[in-house]
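> Residue numbers (the working numbering), protein chains in the order written: chain A, 1 to 85; chain B, 1 to 644.
There's no promise every hint is true.
Calculated pairs, DSBU-like style, for lysine-lysine (alpha carbon to alpha carbon, straight line, at most 30 Å) [claimed, not checked]:
1) B:K339 x B:K320
2) B:K269 x B:K130
3) B:K130 x A:K58
4) A:K58 x B:K127
5) B:K497 x B:K281
6) B:K126 x A:K58
7) B:K156 x B:K126
8) B:K126 x B:K269
9) B:K156 x B:K497
10) B:K266 x B:K126
11) B:K168 x B:K266
12) B:K127 x B:K497
13) A:K58 x B:K492
14) B:K262 x A:K58
15) B:K269 x B:K135
16) B:K262 x B:K127
17) B:K230 x B:K191
18) B:K281 x B:K492
19) B:K269 x A:K58
20) B:K184 x B:K266
21) B:K53 x B:K168
22) B:K127 x B:K266
23) A:K58 x B:K135
24) B:K269 x B:K127
25) B:K478 x A:K75
26) B:K126 x B:K262
27) A:K58 x B:K266
28) B:K615 x B:K478
29) B:K130 x B:K492
30) B:K281 x A:K58
31) B:K262 x A:K75
32) B:K184 x B:K262
33) B:K135 x B:K339
Short, incomplete list of chain A residues facing chain B, as computed with Cβ under 10 Å [claimed, not checked]:
34) P16
35) R18
36) L22
37) G27
38) V28
39) L32
40) L35
Keep in mind that the hints were calculated from the coordinates and are not lab data. Beta carbons are placed, not taken as given, at the ideal position from N, Cα and C, and that holds for glycine.
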Amino acid sequence: MTQRVVRLVEAPQGVPLRIIDLVGGPGVRRRLLNLGFHPGDLIERNSNALFGGPVLVKNLTTGTNVALGLGIAQKILVEIVDDQT
Amino acid sequence: MTKLDRPVIIFIGQPNSGKSTLFNAIAGYKAQTSNFPGTTVSHTHSEVYIEGKVLRIVDLPGTYSLNPVDPAERAALAHLFQEPPDLIVNVIDASLLGRSLELTLELLELERPLVVALNMVDLAEKKGVKIEISKLASLIGVPVVATVANRGRGIKELLHLCLDCLEKGGCRPVAPRWAADVEKYIQSLVKSLPPNFCGLANPRFTAIKLIEAGDTFCHEILEEISPELKIRVEEVRRQLEALRSMPAYEVLAAERHHLALKLFEKASKVERGRRVSFEEKLDSLLMHPFIGYPILIFIFALFFFLIFIIGNPLEQLLLKPWSWLNFWIHHQPGPPVLKAILDGLSQGVGAGLAIVFPYFLPLLLLMSFLEDLGYLARAGFLLDALMHRIGLHGKSVAPFILGFGCNVPAIMGTRILESSRDRLLTSLLIPFIPCSARTAVILAIVAFFLGPWWALGYYLFHFIIVAFVGRLLASFFKEPSPGLILEIPSLKIPSIKTILTKVLWQLRSFIQFAWPVLIAGSLGLSCLQLIGLDHWINQIFKPLVKDVLGLPANLGVTLMFGFLRKELSLLMMLQALGIDYLSLPQTMTRTDLVVFTAFVSLFIPCLSTVVIIWKEISWRAALLSILLNLTTATLIGSLLRLLL
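Isolated chain B, as found in the complex (with noise of 0.2 Å):
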């Protein structure tokens, strides 16, 4: 069998533990690694070769509890049972000790083979948080390992543990017990399962998701399979409940809370009355009620202008040789198809690297800076009164900063919202929000050639698009949003390592995925020029972009190739227009530029974009975004037109 040749092990930890982190510092050892960027991944996989042995581990999304409030969790959960593990890691923030045990505990309770990471063992004792590894670990019966993955600290040790429990095949804990009167109960419940139910890991974990699941373990379909086992559970739900006068639920959570409590104590010493961290201090600026504002509006306006001074004397450094080699091909002498296809490439290969790549780069810097910071939770916190004005709350604001990246781990970002309502209206959303390659290409060519401040205006103008269309869809959708519960993860100052790995990750993934797209649609633009067909596309469009907008029909056929990636009409729009970049103001005028990029930049979702939406919510949602953005893009453009 192949499963014992390749062993899997799955990383599980509560949201924001450093998870991640420390699969990429593993996934560093990696020979190979899948990780698609626009599909839908709910875990990233990769193989791990060490000593000579392939380990196959998956990181699957934070989840608090093995009892799933939203559908990032059910994922993780889903995955946990749906493919058993050889081994679990469980990754905790130690510096969240107290709390972070009450998953550990529930991992216990399954009885697998199982191994801790205790993580951020640095900031844990900058906190004044001293744990002692080896008494943590004999209390709870497993290995226990101290990391700090944005440092790659502890990262051989963990593996060669995982090895060794493999082999060996210990590391299973034994569940832990509670107090005498909820386990008579427990107990009571075990036996009586039915003795071939469809149980989970082992009897006592079944009988104990069986009480507190509520509806979300087979609830329904108990009553089918065994009324008697039904009527059982309900029983022993009420002896609970009475027994300490709280739901059942709360009873075993309670339970867990004390347990991993008080194994906090054992295991821990808090050093009392130390000096505030820079990282706290620095915090209590960001969440104030009033100089958050202006740091936030700051933090923006920065980011801008940041992206802007870095992206533009590279663009027009990089720009030059494409002009001159553009003009080359076109003042050679050779049959038209080779021209046609010189041409393509030079354009799409030129756009990619001269005008996407500018701005691509320090734009992913700066959101990978943010992001590790941890100030998407805090733009949320501060964010969330003016998030209730369109009907959701400020644990959307991480998705929507997210969006400024790519629209699409946006959408997947969503999953963290609990309400299904709110994962509809943040999704519609979210392709209103200008991402990094529209970004780029606003900056390009707005910023080029008509200055900052219009690029500026131009970004603050999809803020207020977003609220109109988020306020209306509001009215829509009456059924009041849940409200929020947001943790606020203790504020890091990101390793530079860990940025440059992502941002890596990113840049590969662009220049694998679009930047091909890009090439491709340059030289099918050609191509269709070539054969005259763009002629036949543009007159099919010329309607909307004549008509409506008041643009030049040849820009038609560019819009079919912006529903591929939206940057990639406005980089046809120069070969569309059989014109050189540098020459551009003479073909358009300043009203034509902006409302051209206003229209392309929001008149569709671009397909990955509706593929996820598809995937994430329903078709039905994709559609209606579609028909949502066309709508606005047409209004906003004609409006435009008339206004400027």
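Next up, chain A with everything else stripped away, as it sits in the complex (with noise of 0.2 Å):
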């Protein structure tokens, strides 16, 4: 049961994540709140763009889809959730 806290960067691919903080400015938190991104949401992490472009995102919980930038995705941690849970 131990869980790993990492980065939503350095999160793998398609596997269930959980938003265990969003770290960062009011500005940024604000706009993923306002997104519908809230800490204990599940989401999943999907394709990259080239060059260091945008990760995919998509919360499980609400359905969104949302493109966040790198500089964005460093501010969010997850906990890799179990698939079998």
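Can you join these two chains into the complex? Each is in its own frame, and there are hints to help.
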């Protein structure tokens, strides 16, 4: 049951992840909250655009798809949720 | 009071909820609509006649919440409070019910009459989400109507429900309550509000906004109005922060989030393990890290060639009668004044009909298709890294692409950008993007005389200029961009009806606003030529036109008109040189043509673009934009002259 907390940019693709925290200033936090990304939500990291482009993230809790720049994806802490649970 | 006779209904919803499509579907019942292209419209309004009554409906820019983070959202919020409506219609994307309800909950907190339009229920079902409408309505305490705006479904029901609410005075919700421990602090702040405090909507809503809005809601003036209240607000914020160990605004956002998810769970069933839809498969290709890029290039190439393939034969077909007409006018006896007027008229009408239309129309159609498909956000995703090179990020891609249609809405579109630095930078670059009017002329003249490859090269050339100028500007605006957070809406195969309606609107505005300017411009030039004033104007521009660019001095006068609308310069080129369209190659060499087209399409943002930059950003930005364009055009023009 030991869970690993990583930055979203470092998280593996295609597995459920739980948002632990949004680090960063209120500007970024508020924008993420407005788009329906809250701590506790399950998300999934999908493809990356080329050349250091953004990460495509799907919020499994609300069904939203969002493209996050690498700088923003650095600021989202997630833990890997065990697939069995 | 007229307000009661003509009640105001506001449409509010999150971006991509299909709010504007719903609005347009309703405006189809309209008698009067005001939608002025080129003027600053932060909202669109229309009057609807239904059962002998007039409803004034207002479409606000999309907003994710009532805690705005960008200028478009601020505009929506300001309108909501400055002109309180008689009824609010909250448009929801049913396929994203869980998230969309967060805004609905905020609207419920207003305790103002509210109706929910649950839009895109077809898409929700495709995604395996089945919503029980009656259950949702009873849970949130306001009426809910299912709609599919792009197919016109549910619109009559929605309007009838609105009328019903207005007549009976119902549909007034009760604000949902949160967890008791959070609610306790909210209520304690409500009690601390001075009795005559200039609140919003109701005391609870005011208290909530004081806690969560941070600096956006009268925080600075609070110090002056009521220092005690400010201390109380800060105290309550600290208490909430201690309670949940997160910022106070996040505590409230989390409350709404949980409530919204609970409502979503109760009111809907999600079917698991369903088949992946065609749209989703297509989407995974469009967004693919490798395949996505060739597709992007292919789409733009296709875009270009389709316009050319449709436009070119149409242009040839339409040009012939106008050449004959011009020939006929020139060889008629009669007073020179009459001849000048007739000539100006025929040139102006003909230019609009034969040169602009054949290219303009397919371009509008294809643009609308890409826009409605949701491709703009996808292009933003793919091009984010590239945009970083010019100091911007992927969110600027959508305004840029809109710029290919018309620069004016593109600059208004920069309102979706959070930082003012990004807005300024994007707005300064947009005028370098060839809009549809310019494209039409580029295609008509460059492609017509030099072939499609020249035109394509010419088009790509604009991208290089944007990249170059962007890079240069970025080195002056070092402040970092806030980073990309861009929602990717689900891919929707657009409905033909919606596209046609949209194109018809744009076409109508072209006929109403742009074509008359074309005709007036041609008439004006005829008159100038008649009294010989064109000669003097040409003398003024001669150092630039003849000495720097190496073009016939006669073209100077067209630059004056180019400021009104860029395509005028090119269209009036023939009139100014006193030649026929088909005999152009004898007067202008290939180099002349390329240099002139390049210069004209860059030399200055057209009048409406300057005005919109002035209004949206500042007069300094408008001035900067003019200087930037003039310098770039002169440099490019003289460079091309040397190279070719």
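> Which numbered hints turn out to be false for this structure?
Numbers 33, 34 and 35, in rising order.
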